[in-house]
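J.: One letter stands for each residue in the lines below.
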Amino acid sequence: MPALGFSRPSLDCSRIIRFVPALFLLFSAASWDGVLPSAQAASTDASRKFVQQLGDRTIEVLSNESYSDADRMDHYRALLQEGFAVDTIGRFALGRYWRAATAALREEYLFLFQEFVLDIYSKRLDGFSGKSFTIIKSKAIDETDTIVSTELSGEGSPPIRVDYRVREHDGKLLVVDILVEGISLIVTQRSEFASIIHRDGLEGLLEKLRQYTKAN
Amino acid sequence: MTNIFHLKTRYFSARALGPLLAVLMTAACATPSMNGAADEVVNDPLEPMNRAIFSFNQFAEGLLFKPLAMLYRDVLPPELQDAVGGILETLHTPVILANDLLQGEPERAAETLGRFFINGTLGLGGIFDVAAEFDMPGHSEDFGQTLAVWGLGEGMYLVLPLLGPSSVRDSIGLGVDAFLDPLTYYTSFGERVGRSAARGIDELSGVVDSLDEIERTSLDFYATLRSLYRQQRDDQFRNGAAPPVVPIPSISFEDFDSLDEDQLFQVN
Numbered sequence: 511m512p513a514l515g516f517s518r519p520s521l522d523c524s525r526i527i528r529f530v531p532a533l534f535l536l537f538s539a540a541s542w543d544g545v546l547p548s549a550q551a552a553s554t555d556a557s558r559k560f561v562q563q564l565g566d567r568t569i570e571v572l573s574n575e576s577y578s579d580a581d582r583m584d585h586y587r588a589l590l591q592e593g594f595a596v597d598t599i600g601r602f603a604l605g606r607y608w609r610a611a612t613a614a615l616r617e618e619y620l621f622l623f624q625e626f627v628l629d630i631y632s633k634r635l636d637g638f639s640g641k642s643f644t645i646i647k648s649k650a651i652d653e654t655d656t657i658v659s660t661e662l663s664g665e666g667s668p669p670i671r672v673d674y675r676v677r678e679h680d681g682k683l684l685v686v687d688i689l690v691e692g693i694s695l696i697v698t699q700r701s702e703f704a705s706i707i708h709r710d711g712l713e714g715l716l717e718k719l720r721q722y723t724k725a726n
Numbered sequence: 008m009t010n011i012f013h014l015k016t017r018y019f020s021a022r023a024l025g026p027l028l029a030v031l032m033t034a035a036c037a038t039p040s041m042n043g044a045a046d047e048v049v050n051d052p053l054e055p056m057n058r059a060i061f062s063f064n065q066f067a068e069g070l071l072f073k074p075l076a077m078l079y080r081d082v083l084p085p086e087l088q089d090a091v092g093g094i095l096e097t098l099h100t101p102v103i104l105a106n107d108l109l110q111g112e113p114e115r116a117a118e119t120l121g122r123f124f125i126n127g128t129l130g131l132g133g134i135f136d137v138a139a140e141f142d143m144p145g146h147s148e149d150f151g152q153t154l155a156v157w158g159l160g161e162g163m164y165l166v167l168p169l170l171g172p173s174s175v176r177d178s179i180g181l182g183v184d185a186f187l188d189p190l191t192y193y194t195s196f197g198e199r200v201g202r203s204a205a206r207g208i209d210e211l212s213g214v215v216d217s218l219d220e221i222e223r224t225s226l227d228f229y230a231t232l233r234s235l236y237r238q239q240r241d242d243q244f245r246n247g248a249a250p251p252v253v254p255i256p257s258i259s260f261e262d263f264d265s266l267d268e269d270q271l272f273q274v275n
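Going down the list, the sequences are from chains V and H.
So the mapping is simple: my numbering equals the position in the first sequence, first residue as 1, plus 510.
So the mapping is simple: my numbering equals the position in the second sequence, first residue as 1, plus 7.
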């Protein structure tokens, strides 16, 4: 059973795999012709490595049975802070309401958002145990961002497409979005927050986040 | 194949859908475009009604469908579950094939036809997925996807009673799929409902845990499912092509503040 629920007929996956060699050829040809600057090509490689390491470390934390729940949470927190642009994601999730928020509200929101994300991820990651991931390809989409496509597979279920959008910032790589079967987590988050703000205002969203983080 | 939203959107009696569609199409015409910034964000002008139906669906799901799906999943041997899913897929072949063709996808149509003949014979009607061994994995299509390929927009978001997340376009698709299905004309109403229920339970059994997980980690489950439904449909329309790139603002604060609002706030 797919851990994240959004499985689809495997045809498209197998198609993607079939096209991977072609994509690589195209990509290397493009960089050969100087269409893509070599800096970008280097960054796709680095992004690939970065996602591989992040994945390996996550699986390590997930499968190390000597960790207590609290240990595991600490490790997830470290992974999140080191590997993800949490504040950027949080600001994106608030959309245009970010600008209307006061400095104090922004600060509280970003704090609550990180706790919220940490809770979600630690819960959803539990579903990943026993699964393995393979990097399929990586592709630069602009000067700073690269999409690293992976497949998550486990027994008895078709592989799940998981794409990481990795951004280079100040010489550091950070994940800015994860797409599961083409579904963007930050778009989903923003859509949910917008709906809450539309109904109950920014304060309503903060109250919900406060309650959630207190309860979990 | 498990698919969170398909479960409730494929089978439906054309007879029951007729009057509903008439209402929806009128609604679609009366609301040709999104009005106001807030609506633009969510394109859900019927939100109060949708939320009411959503609550009812959750109630029915919790009371009846989820327990059934979990029973089906936990009690029936996996091989038997695969067989049920396979037979249901074989029965659904005409609809998938018609939509493959209507979308101008002869390769996918050939694959659908190949699966039908191989699984229908060697696979004993779909009990065994022999075609997958021949590198012919299954896929699904519906008329809502065909309309999207033809360029029709969503219309607006809709939650259908018992069937769940949908849109004006996808509801029309449901009705047309029922007409495209030869079995509609050779089965009784009761048989059609039974088949729909079987399919719903089969698909729900694969996603029930994920759904519960999403509900637990959502601040607004309705809004989350609405976004997931739309994004998943978009992904299906692309047939596996890469999704469009969302403009994520720069990591440094200053750049973020100077970004154009439209860039920050796309529809989904």
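Derived from the structure by calculation, the hints contain no laboratory data.
It should be emphasised that the depicted structure is a prediction, and the values quoted were computed from it without experimental measurement.
Just to be clear, a hint being listed does not mean it is correct.
Claimed, not checked - Below 30 Å or equal to it, Euclidean Cα-Cα: the simulated BS3-like pairs (lysine-lysine) are:
(1) K682(V) to K647(V)
(2) K633(V) to K73(H)
(3) K73(H) to K647(V)
(4) K641(V) to K73(H)
(5) K682(V) to K641(V)
(6) K724(V) to K73(H)
Said to hold, decoys possible - Under 8 Å between C-beta atoms, here's a sample of chain H residues computed to sit facing chain V:
(7) S62
(8) A230
(9) T231
Yeah, the Cβ is synthetic: ideal placement off N, Cα and C, and Gly gets one too.
J.: Would the hint on T231(H) stand, with a C-beta cut-off of 8 Å toward chain V?
T.: T231(H) check passes; min Cβ-Cβ to chain V is 5 Å, inside 8 Å.
J.: Against the 30 Å threshold, does the CA-CA distance of K724(V) and K73(H) hold or violate the hint?
T.: Holds, because 29 Å separates the two Cα atoms, which is no more than 30 Å.
J.: For the pair supplied as a hint, K641(V) and K73(H), is the alpha-carbon distance within the 30 Å limit?
T.: holds, 25 Å
J.: Is K73(H) close enough to K647(V), meaning Cα to Cα at most 30 Å?
T.: Judged against 30 Å, a Cα distance of about 38 Å means the pair is violated.
J.: Less than 8 Å between beta-carbons is the criterion; does A230(H) satisfy it with respect to chain V?
T.: holds, 3 Å
J.: Is K682(V) within 30 Å of K641(V), Cα to Cα?
T.: holds, 28 Å
J.: Holds or violated: K682(V) and K647(V), Cα atoms, limit 30 Å.
T.: holds, 20 Å
J.: Does K73(H) lie within 30 Å of K633(V) when you go C-alpha to C-alpha?
T.: Holds, because 21 Å separates the two Cα atoms, which is no more than 30 Å.
J.: Under 8 Å, Cβ to Cβ, is where S62(H) needs to be relative to chain V, so tell me if that hint holds or is violated.
T.: violated, 15 Å
Hint compliance for this structure: hints 3, 7 are broken, all remaining hints hold.
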